[in-house]
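Engineer: So you can see what is in the structure, the chains are spelled out below.
Protein chains: 2
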Amino acid sequence: MVNNAERTQTPEPDRPGDLLNLIRTGRARTRGELGEVTGLARSTVAQRIDALIEAGLVVEVGGAPSTGGRPPSLLGFNAEAGVILAADLGATHSRIAVSNLLAESLVETTAEIDINKGPDAVIGWLLDTFDRLLDEIGRPPSEVRGIGIGVPGPVDFARGMAVNPPIMAGWHMHPIKDAFAQRYDAPVLVDNDVNIMALGEYWVMEPKVDDFVFVKVGTGIGSGLILGGVLHRGANGAAGDIGHVRATSEDVVCRCGNNGCLEALAGGAALAGRLRESGLDAMGGRDVVRLVERGDEDATRAVRQAGRLIGQVLASMVNLLNPSLIMIGGDLARAEQQLLAGIREVVYQRSTTLSTTDLTIAVSPLRDRAGVIGAAAMAIDHILTPRAIDEALAGIA
Amino acid sequence: MVNNAERTQTPEPDRPGDLLNLIRTGRARTRGELGEVTGLARSTVAQRIDALIEAGLVVEVGGAPSTGGRPPSLLGFNAEAGVILAADLGATHSRIAVSNLLAESLVETTAEIDINKGPDAVIGWLLDTFDRLLDEIGRPPSEVRGIGIGVPGPVDFARGMAVNPPIMAGWHMHPIKDAFAQRYDAPVLVDNDVNIMALGEYWVMEPKVDDFVFVKVGTGIGSGLILGGVLHRGANGAAGDIGHVRATSEDVVCRCGNNGCLEALAGGAALAGRLRESGLDAMGGRDVVRLVERGDEDATRAVRQAGRLIGQVLASMVNLLNPSLIMIGGDLARAEQQLLAGIREVVYQRSTTLSTTDLTIAVSPLRDRAGVIGAAAMAIDHILTPRAIDEALAGIA
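Protein sequence lines, in the order shown, are assigned to chains A and B. Taken in order, the first sequence gives residues 1 to 397; the numbers are from this note's numbering. Taken in order, the second sequence gives residues 1 to 397; the numbers are from this note's numbering.
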């Protein structure tokens with residue numbers, strides 16, 4: 001019987017990987033502190049730290065104030081012990097980075113590339129870009145420790161494949177990981193764009209808000225759920241898909257084939273389409289924002305109303321999940337005054353009193369960079385789990 | 001920086017409480033197996049097991065097949081090392097039990113008591129009932145290890161108080177725990193009725209389905225969310241409240257003060273009300289089920305339509321959470337053919353393809369007993385966390 005007690009326990013660290021996490025998060029800075037926090041014998045701590053130092057993951061960074069005798073040396077996480085390849089692939093716009101083990105970009109670039117060129121063309125281009133960026137900063141491919149990739153469509157996370165993506169022609173069930181796994185000796189993680197944005201925002205958030213929902217309002221609409229401090233992906237990696245929740249009983253056909261979906265009413269593409277019908281020049285969400293910034297009344301009204309519709313769906317989500325933070329990102333979030341006003345208006349009216357007691361609704365601070373930071377964070381989280389570290393150290397020994 | 005890696009790690013057990021969990025869940029049955037699974041030294045395992053045996057939580061239950069030499073003794077979790085008091089308080093109907101440490105009832109009773117009599121009357125009655133049940137099975141109050149209580153309204157779990165409950169007159173912010181904490185030397189946990197039902201179903205489920213939603217369709221409508229194997233309560237303990245999600249734009253006022261809530265349309269009270277308007281004799285959900293069982297067409301149609309409305313809200317929830325199991329309980333679930341047909345019809349139509357790939361929608365197997373088992377399970381999970389066990393053993397030593 002597996003039960004909650006086991007799953008919710010706070011583990012008392014007792015492995016090299018656990019010690020690494022204590023150092024990485026600043027909860028213990030010396031061998032002595034590690035001994036106190038873990039209750040491990042001095043000799044055990046010393047032995048394990050030696051292994052982490054040998055593996056290059058921990059470095060001695062100077063002396064700490066002594067409590068008598070020789071000053072203990074301060075231990076630091078060596079964020080430069082390898083590099084991470086990170087990509088946030090959008091429909092037409094991508095951001096690529098090589099980062100250190102704290103998800104800090106060492107080099108970063110953006111590019112316009114149409115995801116509909118298909119997996120062979122896009123992945124080939126991405127491999128070339130990674131190689132070029134590594135070359136720019138003088139780090140060899142052998143230093144790559146992990147690869148994180150976000151794509152603009154539903155992903156079966158366990159298999160790392162897009163499943164019936166509405167805007168990624170040719171990507172359905174394509175084994176994205178393979179090409180990268182062949183080129184680099186490192187794990188490859190693939191997830192959808194909104195999940196990596198949520199991970200990116202959560203990575204930099206301080207202090208952490210453990211029940212947190214990230215909502216992307218771009219061409220389409222989606223969300224990433226951090227629940228109890230963990231990204232909730234669901235049984236098939238499909239969690240967070242609020243774009244195809246029914247938001248009206250009106251007859252508005254969505255690209256997914258269903259009727260009245262939120263995205264078909266309040267997504268950037270839908271808004272642009274409606275403004276074009278009114279004779280305005282708007283090809284996508286960014287044009288809508290530009291019109292709002294210029295003070296266009298139709299565009300302003302449209303974004304405010306989109307906010308209300310999104311607010312309706314988020315009100316249900318607040319009742320269901322009771323998060324303490326909803327963060328709005330994506331192109332439309334740039335029209336934040338209008339969009340957030342509409343969202344707040346409906347959420348605070350429609351959600352239950354208890355569930356909105358401590359609720360904050362805010363705009364994404366990382367904006368366009370959330371995805372690429374999250375892609376790196378996803379890879380780092382994977383390679384630095386205590387278990388992964390232990391296995392890596394066992395390989396060295 | 002606290003991150004996912006730390007939170008999602010599977011801890012390698014290294015404390016008495018961890019050893020207890022290995023024994024309790026059958027993952028290790030002998031001192032030798034415990035050593036293998038944990039990597040702990042033989043002497044360390046022996047010492048910790050001695051402490052658990054002294055505390056009465058572990059017993060030697062006989063010999064295991066030997067691999068040579070003296071046969072190792074099999075270790076068992078002693079489910080009789082204390083008792084749990086469990087109560088599932090409903091609006092008018094309650095179920096009370098004294099159980100062992102596996103949430104198996106040693107004695108169990110049901111009673112009709114109106115929750116609106118208020119906290120003093122109901123809690124006084126519950127204390128008397130617990131005493132009487134303990135007396136019946138000859139266990140003294142000193143053997144009570146934990147107390148779990150479910151109530152029919154929103155609960156701030158951390159504080160153990162009902163918050164603005166719509167049907168519990170006088171209970172708002174009443175310190176429910178206090179009276180029990182004064183009488184028994186054991187922790188008291190209070191949660192809403194639907195969360196304890198979800199916990200009860202999850203406790204007996206084998207194999208466990210880790211992304212699982214329990215939906216109660218009774219007088220009102222609510223849900224309990226097991227996500228990643230953990231009950232998700234949200235920032236204020238308000239998670240799972242689907243009864244007050246907007247399900248229609250029609251002008252139907254809900255008892256919560258809002259308009260068009262699911263509960264005001266598809267809950268047992270709402271259905272009974274509408275059937276009374278048609279001249280039928282229905283005071284609540286159970287009467288509606290009785291009418292359906294007798295083949296009444298109006299009642300059958302009403303339940304089917306209620307299923308569709310619930311299905312609409314669940315379709316959004318499936319898109320959002322991507323669970324692999326939705327379990328329907330509560331009085332209306334007795335009309336399962338009609339209710340589930342309506343629910344399935346809409347969920348499979350309205351949810352995205354990926355999110356319904358592995359989705360099962362089924363009726364609660366525990367039925368009326370889910371709550372009381374879950375109330376016991378909640379208390380057991382709390383008192384048998386490794387940390388709680390360690391603290392208890394430290395108290396003994």
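The hints are simulated quantities; they were obtained by calculation from the structure and are not laboratory data. It cannot be assumed that every hint is accurate.
To be verified - Derived DEER-like restraints, expressed as beta-carbon distance ranges:
| # | chain 1 | residue 1 | chain 2 | residue 2 | range |
| --- | --- | --- | --- | --- | --- |
| 1 | B | Lys117 | A | Thr44 | 38 to 46 Å |
| 2 | A | Ile53 | B | Pro175 | 49 to 57 Å |
| 3 | B | Ile53 | A | Glu54 | 35 to 43 Å |
| 4 | B | His172 | A | Glu206 | 31 to 39 Å |
| 5 | A | Asp358 | B | Gly118 | 57 to 65 Å |
| 6 | B | Glu104 | A | Glu206 | 52 to 60 Å |
| 7 | A | Leu127 | B | Val253 | 56 to 64 Å |
| 8 | B | Arg387 | A | Glu80 | 29 to 37 Å |
| 9 | B | Val253 | A | Gln337 | 31 to 39 Å |
| 10 | A | Gly170 | B | Ala341 | 48 to 56 Å |
| 11 | A | Ile53 | B | His172 | 38 to 46 Å |
| 12 | B | Val204 | A | Gly138 | 55 to 63 Å |
| 13 | B | Arg276 | A | Ala341 | 41 to 49 Å |
| 14 | A | Ala158 | B | Asp120 | 25 to 33 Å |
As the list claims (entries may be wrong) - Away from chain B, derived, C-beta distances all over 10 Å, residues of chain A:
| # | residue |
| --- | --- |
| 15 | Thr30 |
| 16 | Gly170 |
| 17 | Gln182 |
Please read all numbers here as calculations on a predicted model, not as lab measurements. Note that CB positions come from ideal geometry on N, CA and C, so glycine has one too.
Engineer: Check each numbered hint against the structure and report the violated ones by number, ascending.
Structural biologist: Those not satisfied are hints 1, 5, 6, 10, 11, 14.
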